[in-house]
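**Student:** Assemble the complex: chain A is given as a structure, and chain B must be docked to it using the hints.
There are 2 protein chains.
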Amino acid sequence: MVPHLATALQGPINELEQRILDGMPAIERWFRLEWMEHTPPFYGAVNVRNAGYKLAPIYSDLFPSGWNHLSEEVLPLAVQAGTAAIEKICPEAKNLLIVPSNQATEDAWRKSSYLSNLLQLKRVFQLAGLNVRFGSINPQLTQAQTLVLPDGQSITLEPAVRDPRRLGLANFDPCTILLNQSLDTGVPGILEELHEQNLLPPLHAADASRLNSRFLSAYDEIAKRFAKLIGIDPWLINPLYELLPTLTASNAANVELLGEKVDALLGKIRRKYKDYGIHEQAVVELKCNSRRGKGGVLAISQSAGLGALLAKVEAEHGDDIDLSAGLVLQEAVMTQERVNDRLAQPVVYTMDRYVVGGFYKVQAQADASATWQVDAPLFLPLAFERSSHLPDPEYKPGASVPNRFYMYGVVARLAMLAVSYELEATDPNAEAEGFL
Amino acid sequence: MVPHLATALQGPINELEQRILDGMPAIERWFRLEWMEHTPPFYGAVNVRNAGYKLAPIYSDLFPSGWNHLSEEVLPLAVQAGTAAIEKICPEAKNLLIVPSNQATEDAWRKSSYLSNLLQLKRVFQLAGLNVRFGSINPQLTQAQTLVLPDGQSITLEPAVRDPRRLGLANFDPCTILLNQSLDTGVPGILEELHEQNLLPPLHAADASRLNSRFLSAYDEIAKRFAKLIGIDPWLINPLYELLPTLTASNAANVELLGEKVDALLGKIRRKYKDYGIHEQAVVELKCNSRRGKGGVLAISQSAGLGALLAKVEAEHGDDIDLSAGLVLQEAVMTQERVNDRLAQPVVYTMDRYVVGGFYKVQAQADASATWQVDAPLFLPLAFERSSHLPDPEYKPGASVPNRFYMYGVVARLAMLAVSYELEATDPNAEAEGFL
Chain A
112 MVPHLATALQ GPINELEQRI LDGMPAIERW FRLEWMEHTP PFYGAVNVRN AGYKLAPIYS
172 DLFPSGWNHL SEEVLPLAVQ AGTAAIEKIC PEAKNLLIVP SNQATEDAWR KSSYLSNLLQ
232 LKRVFQLAGL NVRFGSINPQ LTQAQTLVLP DGQSITLEPA VRDPRRLGLA NFDPCTILLN
292 QSLDTGVPGI LEELHEQNLL PPLHAADASR LNSRFLSAYD EIAKRFAKLI GIDPWLINPL
352 YELLPTLTAS NAANVELLGE KVDALLGKIR RKYKDYGIHE QAVVELKCNS RRGKGGVLAI
412 SQSAGLGALL AKVEAEHGDD IDLSAGLVLQ EAVMTQERVN DRLAQPVVYT MDRYVVGGFY
472 KVQAQADASA TWQVDAPLFL PLAFERSSHL PDPEYKPGAS VPNRFYMYGV VARLAMLAVS
532 YELEATDPNA EAEGFL
Chain B
112 MVPHLATALQ GPINELEQRI LDGMPAIERW FRLEWMEHTP PFYGAVNVRN AGYKLAPIYS
172 DLFPSGWNHL SEEVLPLAVQ AGTAAIEKIC PEAKNLLIVP SNQATEDAWR KSSYLSNLLQ
232 LKRVFQLAGL NVRFGSINPQ LTQAQTLVLP DGQSITLEPA VRDPRRLGLA NFDPCTILLN
292 QSLDTGVPGI LEELHEQNLL PPLHAADASR LNSRFLSAYD EIAKRFAKLI GIDPWLINPL
352 YELLPTLTAS NAANVELLGE KVDALLGKIR RKYKDYGIHE QAVVELKCNS RRGKGGVLAI
412 SQSAGLGALL AKVEAEHGDD IDLSAGLVLQ EAVMTQERVN DRLAQPVVYT MDRYVVGGFY
472 KVQAQADASA TWQVDAPLFL PLAFERSSHL PDPEYKPGAS VPNRFYMYGV VARLAMLAVS
532 YELEATDPNA EAEGFL
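Protein chains in written order, with my numbering: chain A, 112 to 547; chain B, 112 to 547.
For the record, the hints were derived by calculation from the structure and aren't laboratory data.
Wrong hints could be hidden among the right ones.
Pairs count within a copy or across copies, as identical chains cannot be separated in the list.
In the DSS-like style, the derived pairs of lysine-lysine whose C-alpha atoms are separated by at most 25 Å in a straight line are [claimed, not checked]: (1) Lys372 <-> Lys339; (2) Lys205 <-> Lys339; (3) Lys507 <-> Lys233; (4) Lys199 <-> Lys233; (5) Lys205 <-> Lys335.
Isolated chain A (complex conformation) (with noise of 0.2 Å):
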C-alpha cells in the first residue's frame, strides 16, 4: 500500500525529486557543513505536505511521540543516531531518564500508543548503551505505577524525585534527562536549574517558549539557499506567509488590515500559480505565533466575511489560544497524497543529524476534504514501505517511494536545521556567553 498524489498536476514535484536526487553529493556535503556549525535537535519528527506542485515541513516536533510507528527495520538507524548523539552529548553516560507526557487522561487506544512509544525509545536507548527508566513529572504519580500494554509489554513509570541539584528516581541517578513531552503550557520549576545534568532538549526549545515566527524566519534563510544549491526556486519548498499583530474580531481596523494582509498573499499565491500553470484554489491560514496552548489553524479563500469568522473562531476557542505574539498568516499547502481514499501526509523522525525513519498519518475515514488538518487527532500510522532503502537516481521521479522518502528527508533536515538556528538565537545560554 504505498500512498500515491491525486493531484493531476504532477509536473513541478517531479522535477524537484529529479533535482535532489541528481544534487544528492552536494546536498549531503552540505548538511555536513552545516552540522559542523549548528548543533542539530537530539530528536524530532517533522510533517511534510506534499501539494503535487510543492512540499512545505509544516510542522516541528521536537518531543516526536510516534517512535513505535517507524517501521522495525529502520529502528538500527535510530539506535546507530542516538549513539553518535550521546556520544557527543555525554560520552560517559550511563543512566538515562525519561520524562514522558503528563498526559495520562487520554482515551485508552491513544495512552496505549504513546507508552508503546515510550517503550521503543527504552529500546532504542538501552541499545546505544544506556540504562534507561522512566521519570514521571506528573504530581499526581506519588509512587510506581506498572501498566501492561494490549501486546503483553509492560513499562513502570515512576514518580521523578528533585533534589536541589539533580533530577532523578529513588536508586537511579541520570546524567541525561530526555523530554518526551511538548511543555507547551510552560515550564514547570520541577525541570528548572538543572546545571548538573543534560536536559535534552533544552528548555528553551519547550512549545511554550518557541514562536512560529522564529522558525520562518530561519528557514527563509535556510531555503533560499538550499534553493541555490540545486537551482530551483524557493517557493517550491517554502509556503509564503505574513507577521501579523494580534487581532481581534471586535476591533474594525484589524479586520480590515487582516482583509488586506489576506487579499495581498492570495493574489501573490495566485500568481504563483499562474506561472507554474497550477489549477488550484488559492487558500491561506492563520495560526498563533505563539506554540503556547492548543494553537488551531484557521483555513481562509476570501477575505469577505472575514470578521464573522474572526469571531467565531473567538467565541469556540477563544480560552485555548494565546495571541501574545501576534499571528501569522500562511500560504495553505494541501496534502494530496492519498493512501487508497484517504488523505495521507508524511512524518519524518530524525535523531540528531540523522533521517532515521517515517510514516505516514493516514486519514482514519475517508472524506475527500484536501483541507485535513495536520493535527487533526485521528491517524492510522503507516510505516514508509522500503523507507529503509537507499534513493536510486535510475528511477523517474514520482515511481520510487525511496526516492520520495529521500526528498523528504531532505525537506525534513531543512525544516530541522532551521530549528537548530532557531534555538541558537533564543538559547539564554548562549546571550549570556555574549557578556563575557
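**Tutor:** Chain B in isolation, oriented as in the chain A frame:
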C-alpha cells in the same frame, strides 16, 4: 532460509547469547568508552565462526570487498556510519577516490561480483555526500575503461595519476583516498608519501605489514576485559594459541618442537572440552604469522606424522607463504552452522564503530566436512535475514535471528577493537611523535 546450528550441544553458545543480551547497555557503553580512546578502522569485515560451544573472530579484513552482498535494508546504516566517519576525518571532504583491487584477471563471476562491490561502495559514499570515482593503480590500466555488469550497471575505472604530492585523476583531486585492495604483497610506491591526503585505511594496515600475533595479543587483552564485564570465561570467545619460530620440515629439532607444542595445545583444548562436556575432536591450525602473500591454514589433530605433513606443504606451497615472522598455532574453531546441508559462516561488516550488516558465506557444494576453511574461494552470500532488526531480550537464546546477529556483531566489534589496538602499536607516525 535461516542457518541453524548442526551441533547437538547448544548450551554454551546459548548461554553466551543470553549473557550478551542481558549485558546490552553495559556492552554498548563499554564500546562507546573504548572508541573514545581508540580510533576504529574506517571499514572492515570480520569472519566469525560459531562452533556451537564457542564463537571466534577468525579473520579481520580491513579492505572488505563484499559490500554488494549486504541486504538492501542495511545499506542506510552504512551511509549513516560513513557520514559520521567522513565527518571526523575530513568534514569538508568533497571528492573521494576509491583505489580498487588490481586483480582484473579473475574469472568473470568473481570480477563481476567485485565490480558490484565497488558500485555499492560508490552509492554509500555518494549518499554520505561525496563525489566518488575509481582510480586504479594497476600499471596495466593506461586509459579509462568502462565495464558493463550483467545487471546493466556500468562502472568506469580510470588510471590513478600521481604527482609529487597527491594522487588523483585527470580533473579530479580527492581529499580522501579509500583503499579497496589489501596490499598483501606490499605497498606500491604510488601510494607512499601522500601526506596531503587522507589515506584510508593507513598504509600500515596493509596486509603485507600485519602480523597475526599482534592482533591475537590485542584480542587476548580485549577478550579478557570483555569476558569480565559480562561474567563469562574468555575462552568462549577466544581460541587458545601459541606463537612459534619459523619451522622447516628439514630441521628435525624444529619438527620435534612443533610436535610438543601441538600436543600441549591439544591437551589444553581437551581439558576445556572436558570442563564443558564437549564431545568434539580437538584440532589445531598452523598458519603463518605474517599476512603477506596467500597464507593458508594447516589443520592438525595429532602430533604424529608432522614432519611428512610439513614437507608436503613446503613442496606444494613453499613459494606462496612468508615464514619470516614465524608461525601461529591456534585452536581450530570449526563452523557448525548450516544452511540446509551446506556449511555456513557469518561475515560481519563494520564501518567506523558501527556494525552495518552481514551475510553468510555458504559452501557452494554440499559437503559434510566441518574443516571447510574460511577462505574457500567458492561461497554463496546469504544476507542476514532481518539483520536490520533490533535484538530483543524477550526471545529465548538461539530462537531469534536478530539476537544471534547482535552476538556476532559484538564479537566482530571486539575484533575490530583489537585491530585498532594493533594499528596504534604499529603506527609509524605515533612512533615519530614519541621522539619529539
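**Student:** Hint by hint, note whether the structure agrees.
**Tutor:** Evaluation of the provided hints:
Taking identical chains as interchangeable, the C-alpha atoms of Lys372 and Lys339 are never at most 25 Å apart, the minima being 28 Å within one chain and 70 Å between chains. In this homomeric assembly, Lys205 and Lys339 come within 25 Å of each other (Cα to Cα) only across copies, at 18 Å, whereas the closest approach inside a single copy is 43 Å. In this assembly of identical chains, Lys507 and Lys233 lie within 25 Å of each other by CA distance solely across copies; the values are 20 Å between and 39 Å within a copy. In the homo-oligomer, the alpha carbons of Lys199 and Lys233 lie at most 25 Å apart inside one protomer (19 Å), although the nearest pairing across protomers, at 28 Å, exceeds that limit.
Taking identical chains as interchangeable, the C-alpha atoms of Lys205 and Lys335 lie at most 25 Å apart only when they sit on different chains, with a minimum of 22 Å there against 41 Å within one chain.
In this structure, the one hint that does not hold is number 1.
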